[in-house]
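The primary structure of each chain is shown beneath.
There are 2 protein chains.
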Amino acid sequence: MVDDYPSRIDTSAGLMPRLDPVLHDPRGTDTPGPLTPEQLASFERDGFVVLDGAFSDGEMDACMRELEAFGRDPARRARPETIVEPESDSVRSVFAVHRDSEVFSDLATDPRIADVARQILGSDAYVHQSRVNLKPAMTGKEFFWHSDFETWHVEDGMPRMRAVSASVAMTDNTEFNGPLMLVPGSHKWYVTTVGETPERHYETSLRRQEIGVPDEESLRRLVDEGGIVAPKAQRGAVIFFDCNTMHASGVNLSPYPRSNAFFVFNSVENLVVDPFSGQEPRPEHIASRQRIEPLG
Amino acid sequence: MVDDYPSRIDTSAGLMPRLDPVLHDPRGTDTPGPLTPEQLASFERDGFVVLDGAFSDGEMDACMRELEAFGRDPARRARPETIVEPESDSVRSVFAVHRDSEVFSDLATDPRIADVARQILGSDAYVHQSRVNLKPAMTGKEFFWHSDFETWHVEDGMPRMRAVSASVAMTDNTEFNGPLMLVPGSHKWYVTTVGETPERHYETSLRRQEIGVPDEESLRRLVDEGGIVAPKAQRGAVIFFDCNTMHASGVNLSPYPRSNAFFVFNSVENLVVDPFSGQEPRPEHIASRQRIEPLG
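Just so you know, the protein sequences line up as chains A and B, in that order. According to the UniProt record's numbering, the first sequence is numbered sequentially starting from 1. According to the UniProt record's numbering, the second sequence is numbered sequentially starting from 1.
Treat the hints as calculated values from the structure; they're not laboratory data. Treat the hints loosely; a few may be bogus.
Identical copies go unnamed one by one, so any copy, or any two together, can satisfy a pair.
[Said to hold, decoys possible] Calculated pairs, SDA-like style, for lysine to any residue (alpha carbon to alpha carbon, straight line, at most 25 angstroms): (1) K188 to A230; (2) K232 to D89; (3) K188 to Q279; (4) K232 to R45; (5) K188 to A137; (6) K188 to V103; (7) K232 to E142; (8) K188 to Y256; (9) K232 to D57; (10) K188 to A75; (11) K232 to A137; (12) K188 to A41; (13) K232 to G278; (14) K188 to P136; (15) K188 to S105; (16) K188 to P21; (17) K188 to P80.
Take the sequences, apply the hints, and build the full model.
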């Protein structure tokens with residue numbers, strides 16, 4: 001397959017325009033859904049949209065209890081699905097929660113999430129990746145700017161920009177606990193990066209990414225144009241953002257932990273192929289390849 | 001001299017009430033100044049006050065030019081006054097700028113700063129420490145919560161809580177460039193910390209402090225009570241904060257650098273004695289000991 005979004009190949013970084021539409025069924029002819037025309041337009045323009053109050057406190061309590069049960073289970077902590085912080089032993093992420101937990105499987109397929117994903121993607125969809133992210137109180141580290149698509153394309157073989165992420169706030173996002181930060185409009189540009197992908201890159205990149213990160217010049221151009229936004233999503237809110245929206249998160253210097261559940265929906269018309277890096281695909285728990293189950 | 005604020009001695013951390021007043025001449029009988037009674041009351045209650053628009057763009061331009069000249073001077077970069085980032089070669093702080101630069105000496109003694117310091121301290125004052133802090137674009141690291149007084153007491157021999165810091169915003173402080181974060185009301189408690197002070201602790205602590213930092217439990221109690229505030233001080237603003245106000249700053253993930261000039265004023269009635277750690281004092285460029293020049 002032709003590589004329409006080459007990256008980590010040239011010796012210089014750069015910006016190229018996005019080749020795919022942001023909304024694949026903008027009039028909702030085939031995939032009507034809960035987003036209003038205004039919300040769809042805002043997603044198209046900014047690359048993200050926030051749905052406040054999508055889930056109740058009781059629903060978020062159930063998710064937090066499930067997550068705490070994960071942390072107490074030594075067998076689960078030892079599995080490759082569990083990623084720990086670089087400088088401590090705290091759990092940073094648990095992958096494939098939609099596969100291994102009924103609570104999170106129900107959350108991923110809940111119409112309040114799944115119908116929005118289908119509406120944006122203009123087709124049926126499946127979970128390409130899922131995880132819960134924890135940013136521990138006072139020690140949670142930053143995650144540098146990146147486009148998820150760049151990695152999913154190069155390392156997972158996702159051909160086109162036709163995937164959307166849903167981040168469910170299991171705790172309040174505040175200015176001080178390392179909330180998701182986004183660059184509005186950045187999804188309309190593809191930042192190619194320099195540096196060859198190391199073998200088994202995912203073993204380190206999920207803790208602290210150093211390859212596949214944008215250069216300062218490109219990032220500055222994007223921020224000069226669109227600024228930075230950190231939605232103060234309250235517990236129960238969902239932030240949907242395009243696979244190519246530039247995002248990051250800061251340190252958690254508050255004395256309270258921050259947690260969210262994260263689901264990536266890929267269009268069934270955009271199934272992954274061999275990685276464009278030419279390397280071995282990442283494991284199934286990081287990028288679904290065998291298990292393609294349309295939301296239905 | 002009796003150590004009224006013992007710290008780094010016990011094996012457990014804890015909170016004790018502050019023994020000194022916050023304002024030493026609350027009615028302004030001896031040291032009238034520019035702060036209104038409302039501003040003084042707010043400083044007394046919160047441990048800080050922000051004066052917007054104290055300096056003009058032209059004045060801040062002059063400071064920035066001086067700072068850039070420092071960075072271009074290899075001899076100055078090699079001096080112990082210059083502190084570089086832990087993981088890069090960027091300049092993080094330059095100490096003793098009030099001594100080595102006319103521009104910053106003029107800033108320290110400007111009545112818009114010096115008269116406020118005297119008004120709060122209720123006496124004449126001198127510069128205990130000065131520095132410019134730089135947080136480079138996208139790579140500027142966080143600085144964990146701490147009370148300056150804890151270090152100045154233990155390592156510099158500052159007897160009482162009768163000092164005030166002035167942070168002059170040479171660039172805008174935004175949500176995304178690692179602004180100063182403060183815990184309102186924290187100045188009324190002294191958090192004793194555990195762990196012995198290593199010899200020549202300042203050589204590492206000025207980059208990343210690990211001894212003399214508060215425990216999570218005490219910090220959580222202070223934040224539960226007072227919350228966290230990060231004033232979005234525009235360029236030219238000055239944040240005055242008490243020597244014992246708990247503060248921190250996050251990473252700079254924005255593509256723009258952040259810089260401020262920082263002056264610590266100590267009361268002439270609170271001259272430093274031998275360090276309460278029993279160790280050698282820190283160098284003169286970090287804590288004035290020989291050079292005590294009252295503002296006048």
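Consistency of the hints with the structure:
no. : hint         : in the structure
1   : K188 to A230 : within (19 angstroms within a copy, 32 angstroms between copies)
2   : K232 to D89  : neither (28 angstroms within a copy, 34 angstroms between copies)
3   : K188 to Q279 : neither (27 angstroms within a copy, 59 angstroms between copies)
4   : K232 to R45  : within (20 angstroms within a copy, 27 angstroms between copies)
5   : K188 to A137 : between (34 angstroms within a copy, 23 angstroms between copies)
6   : K188 to V103 : neither (34 angstroms within a copy, 45 angstroms between copies)
7   : K232 to E142 : both (17 angstroms within a copy, 21 angstroms between copies)
8   : K188 to Y256 : between (35 angstroms within a copy, 22 angstroms between copies)
9   : K232 to D57  : within (17 angstroms within a copy, 32 angstroms between copies)
10  : K188 to A75  : neither (42 angstroms within a copy, 46 angstroms between copies)
11  : K232 to A137 : both (17 angstroms within a copy, 23 angstroms between copies)
12  : K188 to A41  : within (14 angstroms within a copy, 50 angstroms between copies)
13  : K232 to G278 : neither (40 angstroms within a copy, 47 angstroms between copies)
14  : K188 to P136 : neither (33 angstroms within a copy, 27 angstroms between copies)
15  : K188 to S105 : neither (31 angstroms within a copy, 48 angstroms between copies)
16  : K188 to P21  : within (9 angstroms within a copy, 56 angstroms between copies)
17  : K188 to P80  : neither (34 angstroms within a copy, 47 angstroms between copies)
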